[in-house]
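Student: Listed here are the chains, written in short residue letters.
Number of protein chains: 2
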Amino acid sequence: MPISEFEVITNYFQQDFPQRAEINLGIGDDAALCTIPTGMQLAVAIDTLVEGVHFPIKTSSQDIGYKSLAVNLSDLAAMGATPAWMTLALTCPQPDETWLRGFRQGLFELAKTAEISLIGGDTTCGPLTVTIQVAGFVPQHCALQRRGAQPGDGIYVTGTLGDAGLGLATIQNQITLPLPIQKFVKLRLNRPSPRWHEGQALRGIASSAIDISDGLQADLGHILIASGVGASIQLASLPLSEALGYIPLNYAWNLALSAGDDYELCFTVPPQQEIALQKVLAPDSYTRIGTIESTAGLRCLTADGQLFVAKQLGYQHFC
Amino acid sequence: MPISEFEVITNYFQQDFPQRAEINLGIGDDAALCTIPTGMQLAVAIDTLVEGVHFPIKTSSQDIGYKSLAVNLSDLAAMGATPAWMTLALTCPQPDETWLRGFRQGLFELAKTAEISLIGGDTTCGPLTVTIQVAGFVPQHCALQRRGAQPGDGIYVTGTLGDAGLGLATIQNQITLPLPIQKFVKLRLNRPSPRWHEGQALRGIASSAIDISDGLQADLGHILIASGVGASIQLASLPLSEALGYIPLNYAWNLALSAGDDYELCFTVPPQQEIALQKVLAPDSYTRIGTIESTAGLRCLTADGQLFVAKQLGYQHFC
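Order-wise, the sequence lines are chains A and B. If you read the first sequence in the working numbering, its first letter stands for residue 1, the second for the next number, and so on. If you read the second sequence in the working numbering, its first letter stands for residue 1, the second for the next number, and so on.
The following block holds chain A by itself, in its conformation from the complex (with noise of 0.2 Å):
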């Protein structure tokens, strides 16, 4: 039996989740309704997934739920913001309860971690298609952005690269696997982990910021661009996970650096905010992998100095 769209709203997506002081009227009326604390400025992203574009078409609506949440919330990580508030578009072919039910679980389980309030959203019919809209509270002149990294700052990533790329693999049958390691590197995919926390605490420290969800070549490329600068990264320092010893170490460097969907931080650093680096962040939670340089490009170097490139850019999101 159809539901009606207040019928979704209603049931799904009005109640349990975290309600914010900041929200003065949530889900109901024509618009809700915030107040944005003192000295805040507000960074606001939007992110769109398409079934079969952004997830593969079998994906659990619990991992869709999650993940249209996680590629937001890395954006706000990115500027430093901490997560306030987002609003929900969701677009599918008809009100399956199973499906709704899932989407919510996962979306929930998430929006609780992050403590951010769901607003407001509309629910309509058509080919599956979610847009999530997030908004986040950042001090004045604190945003990390992209443009502001010199030469001679050191370039960071968090956590390792290219699980969500094997992980993309693996589903799509190109490689096979151990178990354990195929669920590892599936979860990545499917359930990043944005890194929010981490990104507040490089307020003040990173002279510029991203998050990865292009692949590294890519995203760096912006910062790059942004800041007016160049950049090497020496390969054997790419943070890679255990996962990526099961394939030659060729396709694992092409993977971390250009198959995306990793959402992790990278971020440059000046050497006189080294120190502050360490006191804010946990050692094994970060890497160095180059130094930006006044020479516009991106080098990746092998161990003995050859320059590699990477075999396919990072997504484009026009097909």
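Derived from the structure by calculation, the hints contain no laboratory data. There's no promise every hint is true.
If we take Cβ atoms under 8 Å as the criterion, some of the chain B residues that face chain A in the derived model are [claimed, not checked]:
| no. | residue |
| --- | --- |
| 1 | N24 |
| 2 | I27 |
| 3 | A45 |
| 4 | T48 |
| 5 | V50 |
| 6 | R146 |
| 7 | H197 |
| 8 | A201 |
| 9 | E293 |
In this text, a Cβ means the ideal position worked out from N, Cα and C, and glycines have one as well.
Once you've looked at the hints, dock chain B against the given chain A.
Tutor: Frame of chain A, contents of chain B only:
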């Protein structure tokens, strides 16, 4: 030749749009940064338009761009908020430059009039879907809401009702009208006039407000439920344009009550605020159609006091 996501954003959406002082960082980073003026709340609304569901498949991209923003501005109008900024999530099958140029033109035209900035977006590959989120400013405690109507309050609507429904019937060849009338009703369908000026003027005067997207019957129904009241409206008082004179009166009433897509405001005003109302709105811009009553339910009455039941309910977005 395919154009990439980044080129789309740069070529079509980054330039010329109004640049408000509150936008500290616009398109081009992981998130935009905005400042909210002191003493203001932020009103946030989101709406999705899907091809074949919210607009006929042959609708021009200019009209899609215009209407996608208009329906969102209408939500801000219903809260009494001043438009400030928007984000755009555009999913389309392939980046057809002619289509995109038209879409941008329609969107830009209304954005310029509303002085609203475009601060971010996401462009993805998939079936045509447009999601816009808007944010507006409203002084603390001054927002109009659905709740607040009291027995004795007058019920008012802006503009005329049912034109958009007649426009859709015309496009679907359900009815043939003289060409100038066809043109008018199609324009009312494709280019609604969101009433943000009227909404702002009604702050402190209206006891409740909503925008008419699903039809007067459904939307006034939301006010009644949120306010815990009922209402009677006089069908003879419904503001109908000259166009609706071309169809039988019963059909006109049905369109006015339940066809939706009008994007006029429905609002209630306590008797003691009627003089204030007359001062802030031009006499020909709004019409009193009935009165709030304590008995629950909505009664639509003919001139001889008979109950009229509209044939269809307002549009339900899950079909």
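Student: Per the CB criterion, is N24 of chain B less than 8 Å away from chain A?
Tutor: holds (6 Å)
Student: Do the numbers back the hint for R146 of chain B, that is, is its least Cβ distance to chain A under 8 Å?
Tutor: holds (5 Å)
Student: Next item in the hint list is A201 of chain B. Is there a CB on chain A closer than 8 Å to its CB?
Tutor: violated (16 Å)
Student: Next item in the hint list is H197 of chain B. Is there a CB on chain A closer than 8 Å to its CB?
Tutor: violated (16 Å)
Student: With 8 Å as the cut and Cβ atoms as the points, is A45 of chain B at the interface with chain A?
Tutor: For A45 of chain B, the interface hint holds, since the closest Cβ of chain A sits about 4 Å away, which is under 8 Å.
Student: Once the shortest beta carbon distance from T48 of chain B to chain A is found, is it less than 8 Å?
Tutor: holds (4 Å)
Student: Taking the closest Cβ pair, is V50 of chain B under 8 Å from chain A?
Tutor: holds (4 Å)
Student: How about I27 of chain B: closest beta carbon in chain A under 8 Å, or not?
Tutor: violated (11 Å)
Student: A closest beta-carbon separation below 8 Å is what the hint needs, so does E293 of chain B meet it against chain A?
Tutor: violated (22 Å)
Of the numbered hints given earlier, the model fails hints 2, 7, 8, 9; all others are met.
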